[in-house]
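*Asks:* Now for the letters of each chain:
2 protein chains.
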Amino acid sequence: MNDKKPVIAIDLMGGDDDPLSRLRAIKSFLLKEKSFKINLFVNQDFYKYQSKHFANLPANMAVIQSEHSISMDESPLVALRKKRNSSLSMAIKAVADNQADVILSAGNSGALVAFAKYWLKPNAPIERPALATVLPGFPKPTLLLDIGATLEYRAEDLYALAELGAEIAPQLLACGNHPEVALLNVGTEHIKGHDTVQQADRLLQNSELNYLGFCEGTHLFKGYADVICCDGFVGNIALKACEGLAQQLQLKQPLNWWQKLFCQFNDVNFNPAQYNGALLLGLDGLVVKAHGNSNESDFHHALIRTAEYIKKIN
Amino acid sequence: MNDKKPVIAIDLMGGDDDPLSRLRAIKSFLLKEKSFKINLFVNQDFYKYQSKHFANLPANMAVIQSEHSISMDESPLVALRKKRNSSLSMAIKAVADNQADVILSAGNSGALVAFAKYWLKPNAPIERPALATVLPGFPKPTLLLDIGATLEYRAEDLYALAELGAEIAPQLLACGNHPEVALLNVGTEHIKGHDTVQQADRLLQNSELNYLGFCEGTHLFKGYADVICCDGFVGNIALKACEGLAQQLQLKQPLNWWQKLFCQFNDVNFNPAQYNGALLLGLDGLVVKAHGNSNESDFHHALIRTAEYIKKIN
Chain A
1 MNDKKPVIAI DLMGGDDDPL SRLRAIKSFL LKEKSFKINL FVNQDFYKYQ
51 SKHFANLPAN MAVIQSEHSI SMDESPLVAL RKKRNSSLSM AIKAVADNQA
101 DVILSAGNSG ALVAFAKYWL KPNAPIERPA LATVLPGFPK PTLLLDIGAT
151 LEYRAEDLYA LAELGAEIAP QLLACGNHPE VALLNVGTEH IKGHDTVQQA
201 DRLLQNSELN YLGFCEGTHL FKGYADVICC DGFVGNIALK ACEGLAQQLQ
251 LKQPLNWWQK LFCQFNDVNF NPAQYNGALL LGLDGLVVKA HGNSNESDFH
301 HALIRTAEYI KKIN
Chain B
1 MNDKKPVIAI DLMGGDDDPL SRLRAIKSFL LKEKSFKINL FVNQDFYKYQ
51 SKHFANLPAN MAVIQSEHSI SMDESPLVAL RKKRNSSLSM AIKAVADNQA
101 DVILSAGNSG ALVAFAKYWL KPNAPIERPA LATVLPGFPK PTLLLDIGAT
151 LEYRAEDLYA LAELGAEIAP QLLACGNHPE VALLNVGTEH IKGHDTVQQA
201 DRLLQNSELN YLGFCEGTHL FKGYADVICC DGFVGNIALK ACEGLAQQLQ
251 LKQPLNWWQK LFCQFNDVNF NPAQYNGALL LGLDGLVVKA HGNSNESDFH
301 HALIRTAEYI KKIN
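As they're listed, the protein sequences go chains A and B. UniProt numbering puts the first residue of the first sequence at 1, with every later residue one more than the last. UniProt numbering puts the first residue of the second sequence at 1, with every later residue one more than the last.
To be clear, the hints were calculated from the coordinates, so they are not data collected in a lab. Each hint should be verified, as a subset may be incorrect.
[Said to hold, decoys possible] Computed Cβ-Cβ distance ranges for the label pairs, DEER-style:
1. A:Pro170 <-> B:Asn85: 51 to 57 Å
2. A:Gln247 <-> B:Asp18: 33 to 39 Å
3. B:Glu156 <-> A:Val78: 24 to 30 Å
4. A:Arg154 <-> B:Ala174: 26 to 32 Å
5. B:Asp73 <-> A:Pro122: 36 to 42 Å
6. A:Asp284 <-> B:Gln171: 53 to 59 Å
7. B:His178 <-> A:Lys48: 28 to 34 Å
8. B:Ala174 <-> A:Ser21: 22 to 28 Å
9. A:Arg202 <-> B:Gly292: 22 to 28 Å
10. A:Glu208 <-> B:Asn293: 42 to 48 Å
[Unchecked claim] Covered stretches of chain B, going by a simulated chain A footprint (3 or more residues, C-beta under 8 Å):
11. 146-156
12. 217-227
Note that beta-carbon positions come from the ideal geometry of N, C-alpha and C, so glycine has one too.
Please take these sequences and the hints and turn them into a complete structure.
*Replies:* What follows is the structure, encoded as structure tokens:
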């Protein structure tokens, strides 16, 4: 890339909120971040219907029209078969074709994973891709994976996931080259948990990773380890439970300044929106998934994070 | 019982903290709650060594000495085979023998479940017991189960768990006789999730329960449903993740009064200690599990909750 501006491919259609709210987020992002270029993938019907919103776009923004788009409740396998000309599929293909450095979508997670696997080459050690996110923690952040790409893991998959996490963590966190790795479980003792985590624990104890053993849910925000691994079902639910709790604690607007002050004092920020933008790992290309229900502000945060990923990950 | 005081059997030895901190919690509980009787199960060596702390006990408190106690990292199956004369086992047996109305322990969860299954008769509809807790929520609380008794469920087990939750919820919550039930998953759409939750969803759709469908982690504290069901692995990790987050938000002591005020304004209290004391369901006897790491104050809260369970559950 060197002298070229990094290109972010965005599937504008994916997400629960109005695509125009994401378009506003993109425009305001580009006002500040002039060192990026954005290729926007938009359903042609939507583009025609909302053409006035696509007039006078910033110079570093291009629109590519697609035949289809994928709804949030659509079957990923059906989408994969019938909608290769969708905004999501085309945006991912742009990364595969080296026309973009990263793809960002707030769309259907299953379809995102399916198309990413279809267009991008697998990148060892894992067989199926994993979604990862950096959790705010005190005294240090933690990379949690998988948070929803692959719902069920065998012991050897968890082992490979730990290897993958340990490989990527030094690029994302200031943790040095031997990140501490832990497996998420219902207790820290080696006798705890079901067969799968028990077997994975034994495999990891004999690995060359800096493996700490099991950790519990309480450890996620405590900087217990640099990398914490679990299957996508558990990771997704644990993360969303925390987001739900954080949202409840922000319910009443007048109290927000307290919380801001609180977070300032604690050197941490538990506003889940600030941590929007999970990374799909295990593929030869940068794929970022924003929250399905991202509003304008959330999507803006996801864009900021996407830009950070480009800078950090080679 | 009628004119008799309800009896709480307590395994004093179980837990990470010093047993004497739990003893202090029990004494201060009894100072306020004179309408209960406590039977305390204590390892004989500990009793001898700390005899001065067992002098001058309140009149409504009795000590029963045991031969063994069970450590937190002990194998439940080994404990079950070798330690039937442990404080935990004897305290649970007291409920089975109608000498106590409820057993409370902060001890080894696996051993608690193992001895509870051994001494107490199963109580349909579920095959294996489930741990349940009431989550603070806004606008209403939610009964979450399983939070760690049974780590893996088949679809038909999740179905039975939903039936059990719907049966007990009216006694624990002000939710009427047809509680809303949901299954915890990675998305609300019927296509989401792995095979087990997919099958359980189909079973529940054809049931007579007031079944809402899937819910996500974000819904746990939002009063989305009266009852939310998941396997014990997921429930334990999701709950502990939220507890960890809540603990982080209380890290710095000087800020506590803000949070208290915050909670007061929001009609909710997210202090996890206040929600200490999970209920083991599916057995013919009242079994309450306090957090393993309960300190004096946490254990006091668990006692208060145990007393509430006796009043609410017949």
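*Asks:* It remains to establish, for every hint, whether it holds in the given structure.
*Replies:* Structure-based check of all given hints:
no.: 1; hint: A:Pro170 <-> B:Asn85: 51 to 57 Å; verdict: 52 Å, holds
no.: 2; hint: A:Gln247 <-> B:Asp18: 33 to 39 Å; verdict: 37 Å, holds
no.: 3; hint: B:Glu156 <-> A:Val78: 24 to 30 Å; verdict: 29 Å, holds
no.: 4; hint: A:Arg154 <-> B:Ala174: 26 to 32 Å; verdict: 44 Å, violated
no.: 5; hint: B:Asp73 <-> A:Pro122: 36 to 42 Å; verdict: 39 Å, holds
no.: 6; hint: A:Asp284 <-> B:Gln171: 53 to 59 Å; verdict: 55 Å, holds
no.: 7; hint: B:His178 <-> A:Lys48: 28 to 34 Å; verdict: 48 Å, violated
no.: 8; hint: B:Ala174 <-> A:Ser21: 22 to 28 Å; verdict: 38 Å, violated
no.: 9; hint: A:Arg202 <-> B:Gly292: 22 to 28 Å; verdict: 24 Å, holds
no.: 10; hint: A:Glu208 <-> B:Asn293: 42 to 48 Å; verdict: 32 Å, violated
no.: 11; hint: 146-156; verdict: holds (count 3)
no.: 12; hint: 217-227; verdict: holds (count 6)
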